[in-house]
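Asks: Chains A and B supply the protein sequences, listed in that same order. FYI, the numbering for the first sequence is 1 to 134, going by UniProt numbering. FYI, the numbering for the second sequence is 1 to 134, going by UniProt numbering.
Don't read these hints as lab results, they were simulated from the structure. Values in this document were obtained by computation on a predicted structure and should not be read as measured data. Zero decoy hints are in this set.
Derived, one-sided and incomplete: chain A residues facing chain B with beta-carbon distance under 7 Å: (1) Ile2; (2) Gly3; (3) Asn50; (4) Thr51; (5) Gly75; (6) Ile77; (7) Cys125.
Not close to chain B: a few residues of chain A, all C-beta gaps over 10 Å, as computed: (8) Ala32; (9) Ala35; (10) Val43; (11) Leu59; (12) Asn62; (13) Pro64; (14) Ala66; (15) Ala70; (16) Asp92; (17) Gly105; (18) Ala111; (19) Pro115.
Just so it is clear, CB atoms sit at the ideal spot from N, CA and C, and this is done for glycine as well.
So the chains spell out like this:
2 protein chains.
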Amino acid sequence: MIGRLNHVAIAVPDLEAAAATYRDTLGARVSAPQAEPDHGVTVVFVELPNTKIELLHPLGDNSPIAGFLAKSPAGGIHHICYEVEDILAARDRLQAQGARVLGDGEPKIGAHGKPVLFLHPKDFCGSLIELEQV
Amino acid sequence: MIGRLNHVAIAVPDLEAAAATYRDTLGARVSAPQAEPDHGVTVVFVELPNTKIELLHPLGDNSPIAGFLAKSPAGGIHHICYEVEDILAARDRLQAQGARVLGDGEPKIGAHGKPVLFLHPKDFCGSLIELEQV
Chain A
1 MIGRLNHVAI AVPDLEAAAA TYRDTLGARV SAPQAEPDHG VTVVFVELPN
51 TKIELLHPLG DNSPIAGFLA KSPAGGIHHI CYEVEDILAA RDRLQAQGAR
101 VLGDGEPKIG AHGKPVLFLH PKDFCGSLIE LEQV
Chain B
1 MIGRLNHVAI AVPDLEAAAA TYRDTLGARV SAPQAEPDHG VTVVFVELPN
51 TKIELLHPLG DNSPIAGFLA KSPAGGIHHI CYEVEDILAA RDRLQAQGAR
101 VLGDGEPKIG AHGKPVLFLH PKDFCGSLIE LEQV
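Work out the full structure: start from the sequences and follow the hints.
Replies: Here it is as C-alpha cells:
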C-alpha cells in the first residue's frame, strides 16, 4: 500500500540556522523559507536526489509543532510521510486492522495541496506517520 | 555534499510486531530479520520505491539503541542516514565548520559493510545523522 517516502519532517527552533546547517555544513540544496499559514508552519525544503527533508518552524498561535518543540527545544524528527495512491482506501484498510487515524478520520488538504492523514504513533512503532495521496 | 537519503532507522521494542505493522497494516515489502551482532541490532528492512526504512531491535548486551528504547519504550525514529561519496572529505568539511562527529572521528564499517560516521544531534537540528560512504 505505502509507496515512496515523500519526506522526513524535522521541527527546528531556528529556521535560518537549520537552513544554514543543511546548506553550508551538509552541502545540500535548500529552498527559501515558505510560509504555510493554513498549516501553522514555515517550511524550508531540503532537496535530496531521492526525497525531501522538510525543516518546519512554528507559524502563528496554533502551530501543530509548537507542543513538540516545547518538549524538545533543540528540535527533532517530527514525522515521516509515505505516499499512497488512494487515501480513502488506505484509511479504510488501516481502520479495518484497528489502526488509529488522527482527528476525525477525514483527509485534509496538506501543505503540498494534496489530501493527507496522520496516523497514531502508538500504532506505528512510536513514530508519527503522514500519508499523502499522490 | 550529502546525496540520497539512504534510510530512516526506527528503534522498536518488538521486531516481529513492527514487521507485521509494516507488512500487513501498511502493505510494504519487508525482509526477514537479519542479526547484526557486530552492530548490536537485529534489523528488518522495509523496501520502499525510493529508500528504505530500517526497523532496529537491540541484540546483545551493548546495543547502541538500548538507551534510546529505555527512554522511549514504544520506540521511535532513531536516526536518518545520508549518503556521501567520500566520508573522510565529508568529516573534514564538517569538523572545519565546527560540527561534532561522534566517537573518535574515524569511520567505522557500518551494517551495510560500508564506512559510516555519526554526527552530534545538537549540531544537526536535534536529529542523529549517520553518513554512509557509497
